[in-house]
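Those sequence lines, one after another, are chains E and F. Using this note's numbering, the first residue of the first sequence is number 22, and each one after it goes up by one. Using this note's numbering, the first residue of the second sequence is number 17, and each one after it goes up by one.
Since the hints were made in silico from the structure, they are not lab data. No experiment lies behind these values; they were computed from the predicted model shown. Worth double-checking, as some hints may not be accurate.
[Stated by the list, open to error] Distance condition first, Cα-Cα at most 20 Å in a straight line; then the derived DMTMM-like pairs of lysine to aspartate or glutamate: (1) 218/F - 202/F; (2) 627/E - 211/F; (3) 640/E - 181/F; (4) 69/F - 398/E.
What follows is the residue order along each chain.
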Amino acid sequence: MSLRNQFGGVCGFFVGTAPRRFASVSVLLAIVSAIAPTKDFFSQWRHYQKEYSHFIRTRPDAGRLQRRFESGIHQIWIPEQRVVDRCTTCHVALQEASLSDVRKEPFRPHPAIPHSLTEFGCVVCHHGQGAATTVQEAHYSTKAWEQPILPARYLESSCGQCHMDALEGTPQLNLGRRLLARYGCAHCHAITQPDGTLVAPVDEPPSLEHVAEKTTREWIFAWTKNPQAYAASATMPNYRFSDQEAADIASFLVAQSTPSDNSAKELPQSVASLPGSDTVQEGTSLYGTLFCASCHAIQNAAGNLVGGEMAPELTRAGNKVNPDWLRRWLRAPQGYDPKTRMPRYRFDEKQIALLSSFLLSKKDDDLLANVHLPASDAQSIARGKKLVSDYGCVACHRINGVNPPESFAPDLSRIGSKPLFQVGFLRGMPETLPDYIAGKIHDPRAFGPALKMPNFSLTDGQIEALTTALLAQTDRAVTMPPELVRSSPHPKYHPGGDAGRLMEDLRCQSCHAINGNGGDMAPDLTFEGSAVNRAWLLDFMKNPNTLRPALIRRMPKFNLSDAEIKGLSDYILSAYQASGFDSQALDLSTLNSEAATRGKQLFYSKYACQSCHIVDYKKDKGYVGPALAGVGDRLTPVWMYRWLKNPNALLSGTPMPNFSLSDDEARDLTAFLTTLKEHKKGGLK
Amino acid sequence: MRPLHVAWLTLLLIIPMGCTKRSNVNPPLSSNVYGAQIVQVSGDKQAAGVGSKLADPVVVQVNGADGNALAGALVSFHGDGLVLNPSEALSDPSGQVSVSVQLGGIPGSYQLVADTPKPGGGPTTINVREIALGYQEKVGKEVSYKYCATCHDPESTPERVSNLDNLTPPLPHQFTDGNTLNNMSDADLIKVIADGGPALGKSPQSPAYRSTLTQAQIKAVVAYIRAVADPPYQLPATQH
Numbered sequence: 022m023s024l025r026n027q028f029g030g031v032c033g034f035f036v037g038t039a040p041r042r043f044a045s046v047s048v049l050l051a052i053v054s055a056i057a058p059t060k061d062f063f064s065q066w067r068h069y070q071k072e073y074s075h076f077i078r079t080r081p082d083a084g085r086l087q088r089r090f091e092s093g094i095h096q097i098w099i100p101e102q103r104v105v106d107r108c109t110t111c112h113v114a115l116q117e118a119s120l121s122d123v124r125k126e127p128f129r130p131h132p133a134i135p136h137s138l139t140e141f142g143c144v145v146c147h148h149g150q151g152a153a154t155t156v157q158e159a160h161y162s163t164k165a166w167e168q169p170i171l172p173a174r175y176l177e178s179s180c181g182q183c184h185m186d187a188l189e190g191t192p193q194l195n196l197g198r199r200l201l202a203r204y205g206c207a208h209c210h211a212i213t214q215p216d217g218t219l220v221a222p223v224d225e226p227p228s229l230e231h232v233a234e235k236t237t238r239e240w241i242f243a244w245t246k247n248p249q250a251y252a253a254s255a256t257m258p259n260y261r262f263s264d265q266e267a268a269d270i271a272s273f274l275v276a277q278s279t280p281s282d283n284s285a286k287e288l289p290q291s292v293a294s295l296p297g298s299d300t301v302q303e304g305t306s307l308y309g310t311l312f313c314a315s316c317h318a319i320q321n322a323a324g325n326l327v328g329g330e331m332a333p334e335l336t337r338a339g340n341k342v343n344p345d346w347l348r349r350w351l352r353a354p355q356g357y358d359p360k361t362r363m364p365r366y367r368f369d370e371k372q373i374a375l376l377s378s379f380l381l382s383k384k385d386d387d388l389l390a391n392v393h394l395p396a397s398d399a400q401s402i403a404r405g406k407k408l409v410s411d412y413g414c415v416a417c418h419r420i421n422g423v424n425p426p427e428s429f430a431p432d433l434s435r436i437g438s439k440p441l442f443q444v445g446f447l448r449g450m451p452e453t454l455p456d457y458i459a460g461k462i463h464d465p466r467a468f469g470p471a472l473k474m475p476n477f478s479l480t481d482g483q484i485e486a487l488t489t490a491l492l493a494q495t496d497r498a499v500t501m502p503p504e505l506v507r508s509s510p511h512p513k514y515h516p517g518g519d520a521g522r523l524m525e526d527l528r529c530q531s532c533h534a535i536n537g538n539g540g541d542m543a544p545d546l547t548f549e550g551s552a553v554n555r556a557w558l559l560d561f562m563k564n565p566n567t568l569r570p571a572l573i574r575r576m577p578k579f580n581l582s583d584a585e586i587k588g589l590s591d592y593i594l595s596a597y598q599a600s601g602f603d604s605q606a607l608d609l610s611t612l613n614s615e616a617a618t619r620g621k622q623l624f625y626s627k628y629a630c631q632s633c634h635i636v637d638y639k640k641d642k643g644y645v646g647p648a649l650a651g652v653g654d655r656l657t658p659v660w661m662y663r664w665l666k667n668p669n670a671l672l673s674g675t676p677m678p679n680f681s682l683s684d685d686e687a688r689d690l691t692a693f694l695t696t697l698k699e700h701k702k703g704g705l706k
Numbered sequence: 017m018r019p020l021h022v023a024w025l026t027l028l029l030i031i032p033m034g035c036t037k038r039s040n041v042n043p044p045l046s047s048n049v050y051g052a053q054i055v056q057v058s059g060d061k062q063a064a065g066v067g068s069k070l071a072d073p074v075v076v077q078v079n080g081a082d083g084n085a086l087a088g089a090l091v092s093f094h095g096d097g098l099v100l101n102p103s104e105a106l107s108d109p110s111g112q113v114s115v116s117v118q119l120g121g122i123p124g125s126y127q128l129v130a131d132t133p134k135p136g137g138g139p140t141t142i143n144v145r146e147i148a149l150g151y152q153e154k155v156g157k158e159v160s161y162k163y164c165a166t167c168h169d170p171e172s173t174p175e176r177v178s179n180l181d182n183l184t185p186p187l188p189h190q191f192t193d194g195n196t197l198n199n200m201s202d203a204d205l206i207k208v209i210a211d212g213g214p215a216l217g218k219s220p221q222s223p224a225y226r227s228t229l230t231q232a233q234i235k236a237v238v239a240y241i242r243a244v245a246d247p248p249y250q251l252p253a254t255q256h
């Protein structure tokens, strides 16, 4: 009771008479209108700016820093990028290079990058909310704003919004993009890049249309259960099938298999018909001298993979392949799989027998020891077909009677801007997009046992790289003005005519690039016709000897016929010409012995070329570049001259530096190099 | 007390209990094994992109007074800006503890401190340095792997065979050789890269890269050399 009286008394004091009422309303108004300036006065950004102006007084260039510092809210406004960034209000020193030793935020200058702050602002790369002026709102997710700052470990993804080609400063993004193509993500997921192109898979999974010819139901079962148990480097993911499911799939794949073109061909003789005892030993050394390891890897005793990753690992090939299939395959791989990258070597019968004997010896007796499958029946085959269809096996492999699925898996073109309310996070995981993507790649089925996405065997670093590449697929990237998107064209090139068919048969472009198309294992052949002499080329095709003794990857010997060698060489010499390589480019009469003497001096003293190139195998040791012993036989003088003047113009990205040689120096060096001849005996005329 | 009061009180006590999250934090580890010394086994001076996880864990080992490895000793890890997992652990039967390290978001050196309590009280510690590369240093790393490492790095990899042993003295310095390279100014490093060894009176075996690399690439190589220098590079004090 007394409380109410007291309250009434207090109210009466303020609202009793008109002047009192006026006074109290005025006071109230004053308080209300003071709230905003007070909040502003105690705002975070003002606090940071005050701290900064105290801090710069301690610096040696205090005067300059103070003159450059402006208090108040700063803003970068770039309408065409939809950028309104006030980050520089707190991050006041982003452009102060003299503070590069400072590690206290928000007073660090921005590390050196190729873009200026005023060109792109901050959020294009760092995400977050640019218009905010408090740390919480700018950096973290709120109810109204769910794009937090992108963690530094994924920062390279932002470069990928505009840059389609590999950049020197973004190793992680580059790796991620290679993995997207290599691990076949794009077989199931459509990923349209900002330049409008789809990510194209490069893994080329084998056709299974004739698989029963190649292997057994038992092997298919074991492989389907756990591909990495067969080959540590296998990119085939683990679907975690049950024993029953794997057996059903194996039954179906064997049942659907039809005979390949090869099956009708005569069977090459087996090693049993060869005289001599140690055929495996002989086969092992043949595997080495043919440089199979350029493409295929085999695990050594220490468990390390030795060899290339272009073609399947062969550590346990003996567990997998049917001996008859193997010998027919070695003779004509394309008769089994027309799309294989394996060249058709012209192996003779003995080579086929020896190689197959070596490969069949590569086996692990435990791999299939416990695989005992019941006889295949119609129900099992039907269940297998349903599994193959449900799990989208045909997105990667060709299989008889099952059509490739359409839009099988979610489109990932804008995964980097996926709204968080659409994401089903796991309990306990940080609720951010990068964590979701990385988690999904790490263990897809953790997000729901019914999900079809399989488990890929990836390291933490690979997952980080893949996440980076996927985070580049943002809404902003899609709507980026086209003039900002940097990508180089990817022309398709296939050589034509008879020579083209031969080059197709030999799969030259598996290793060599020509006109921007092909592999990067071997030298680019786009201008090979301008570079080499005919006699050398004929000789090299007959008996490829290496120019780079330090490399384990080599040009294999294809056992080509003389007619094939002539046809192919003439095609290369006429078709693969650079422009401006006529005789006008260099007066050959100036390549005399005086010039050669001066050139030798330049080679050994002024430019120390021998530190990278071998001219004399007895004396020189450098093997960064190709050996130049016999280079006078190999390269045309005009090519040498033009190459010395500007190597990068003839082969973009070559490690050979441009020495800024004068015309005279380049001519003298050319004169010296043309004297380096080996005078080989034999070969074609 | 009346029953109504008791009910109110109970309710008041129950509500906050329901609201507090049950804490999942493991009880702190403890051990009565004390080591005399802690040493670094592997994983120091790794260079990786800012914010990323180092490829290899850092492994330290606790030794007893007799110099032998000591199992069951408590080792704790800390480091400004680093995310360390686990932050403390007991040494395994070989006396070792391994910790995964995620670098901070700022380019530069990070110190990981591992310590273990000594018998008489107080810790014995070891510092391990790790290196975070920013954009410029990453460019420098890429460029130097392509153009420089064949001669400047004695290690061979399957993709790159070192050419160092094939050169005639004076031999190139490793980019981590801070004792030599820290004494060279940025300007001198840029000069020797751009104009070759003879520009500073050094070997012509080091070619001039002026027409091969851009100025930005050359500066990036210098930034990378500074980042990986051991002992660490200090900015000159009189730069302003």
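Do the hints match the structure? See the list:
| no. | hint | result |
| --- | --- | --- |
| 1 | 218/F - 202/F | holds, 17 Å |
| 2 | 627/E - 211/F | holds, 13 Å |
| 3 | 640/E - 181/F | holds, 14 Å |
| 4 | 69/F - 398/E | violated, 50 Å |
Checked against the numbered hints listed earlier, the structure breaks hint 4 alone; every other hint is satisfied.
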